[in-house]
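**Q** Top line first, the protein sequences correspond to chains B and F.
Note that the UniProt record's numbering gives residue 52 to position 52 of the first sequence, counting from 1, and the numbers run on in steps of one.
Note that the UniProt record's numbering gives residue 122 to position 122 of the second sequence, counting from 1, and the numbers run on in steps of one.
Because the hints were derived from the structure by calculation, they are not lab data.
Note that the coordinates shown come from a computational prediction; the quantities given were computed from them, not determined experimentally.
There's no promise every hint is true.
[What the hints assert, rightly or not] Result set (EDC-like, lysine to aspartate or glutamate): computed pairs, CA atoms no more than 20 Å apart in a straight line: (1) K206(B) - E181(B); (2) K35(F) - D6(B); (3) K235(B) - E196(B); (4) K35(B) - E119(F); (5) K42(F) - E142(F); (6) K35(F) - D58(F).
[Claimed, not checked] A short, non-exhaustive set of chain F residues, derived as facing chain B with CB atoms under 10 Å: (7) V30; (8) N140; (9) E142; (10) L165.
Beta carbons: idealized from backbone N, C-alpha and C, even for Gly.
2 protein chains.
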Amino acid sequence: MADHLDRIRIVLTNPSHPGNIGSAARAMKVMGITKLYLVNPKEFPNDHADALASGAVDVLRHATVCGSLSEALQGVGFAAALSARRRELTLPAENLREAATQAMHLAAHNEIAFVFGNETFGLSNEEVMQCNLLIHVPTNPEYCSLNLAAAVQLVCYELRMAAGLTRFDDWPTPPTLATQEQIEGMLQHLEATLIEIGYLNPANPKRLMPRLRRLYKRATLEVDEIDMLRGILTKTLASKRSQ
Amino acid sequence: MADHLDRIRIVLTNPSHPGNIGSAARAMKVMGITKLYLVNPKEFPNDHADALASGAVDVLRHATVCGSLSEALQGVGFAAALSARRRELTLPAENLREAATQAMHLAAHNEIAFVFGNETFGLSNEEVMQCNLLIHVPTNPEYCSLNLAAAVQLVCYELRMAAGLTRFDDWPTPPTLATQEQIEGMLQHLEATLIEIGYLNPANPKRLMPRLRRLYKRATLEVDEIDMLRGILTKTLASKRSQ
């Protein structure tokens, strides 16, 4: 598709209520988005989910069930997390409308994911830290309990609006982003290197790796930059060993 | 409230499923909109509606149940109809985003309604003709079956976005619109006048009044204009009778 909505994944982590999965599938398909990923759904497949999906049962049938968020994010260059929970800001936050526009721009060259948490508990900090961005949906400060499928509806609507309204011709060519696996690979390479050069003590690692992860996630690294960073690490080790 | 979201009514006509009423109430309150009008709900109040309303049961408790759409639109200056059904264009159609911005501008001086049809049958032409505008929500042309509560969620989100994002200071002062009752009164006055002057034959009225209604609804008449039009009608009759 020219509008790249086929590059969008909707990822529901630990959904408790099958009805929400069905309603989310309907909400997606109405906006032309069909790639659903389910991380450890409590009940799936499920008749109630099928009933609420209405004419979008095909989205459920083709859904990818995963055992972890990192599995659902394989191949993804840009992942945005929805979270109503107040937390120390682990990632930069952006309004849904701007995030959707940014995502559709990147979708020309990259796989994109929008990640939703469990109905009650939201996303864990570990899950959020696998994403590049936190999304803020403006809500009533006195009652911000957005239903899961309703949140999916708003995200998919804004993505369709961004795909249709925004002329990206005038924008700079979107970069080809590193996938989540490439970033993880680089971080492991970095950690091993830091241990070997004696900067990181595995017996007392402190918050060093989480802070580095946060930095590199926020930066939405490009493939070329991963190559460059790993080149530096390889060189660092080689020069140390040759001493 | 300074943002005038308290001037917005969400009107559900003939809703069949109590769950949708509850989900709609939650969708409204999350966005800070609390005035719910129900025209001939099939089942209300209802436990399933309460369950799905979650923390928005107060919206259901304060909902106004009406016997007709015109009752729900009493005092309303601007009513927008949501309809997925293709119909000969009876009213001007506008994208949801633009309509929400227009509505929040008018809300400074006027009561506003967003009118939703039955889950299966949508709105009748008669119901649509009581509104000023048809709203278009962009959807997948191959599957446009937007759930009722999901549609309410999108409308309330766009209203909140418009209230928060748009600075109306630079806009012209919004007009004070005629209410639906004032327009109906004028139309009855007009019809009686047209009959008396022999332009409209009650035995063979053709489509004259529906066409005039369409014209004046589309025009979103102001109070002053109603006074003016009725002044003309009064004068027309007086001059005829004095012949």
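**Q** Would the pair K206(B) and E181(B) pass a check requiring their Cα atoms to be no farther apart than 20 Å?
**A** violated, 24 Å
**Q** Is the shortest C-beta separation between E142(F) and chain B less than 10 Å?
**A** holds, 8 Å
**Q** Going straight from one Cα to the other, do K35(B) and E119(F) come out at no more than 20 Å?
**A** Measuring from Cα to Cα gives roughly 26 Å; hence the hint is violated.
**Q** Is it true that the CA of K235(B) sits at most 20 Å from the CA of E196(B)?
**A** holds, 13 Å
**Q** Are N140(F) and chain B close enough, Cβ to Cβ, to be under 10 Å, as the hint says?
**A** holds, 4 Å
**Q** Quick one, is the L165(F) hint okay against chain B at 10 Å, beta carbons?
**A** Given a least distance of 8 Å, the restraint on L165(F) holds.
**Q** Can you confirm whether the C-alpha distance between K42(F) and E142(F) stays at or below 20 Å?
**A** violated, 30 Å
**Q** V30(F) was flagged as interface toward chain B. Is the shortest Cβ-Cβ separation under 10 Å?
**A** Hint on V30(F): holds, closest Cβ of chain B at ~5 Å, below 10 Å.
**Q** Need the status of pair K35(F), D58(F): alpha-carbon distance at most 20 Å?
**A** holds, 10 Å
**Q** So if I understand the rule, the pair passes when the alpha-carbon distance is 20 Å or less; does K35(F) with D6(B) pass?
**A** violated, 38 Å
Hint check: violations occur at hints 1, 2, 4 and 5; the rest are consistent with the structure.
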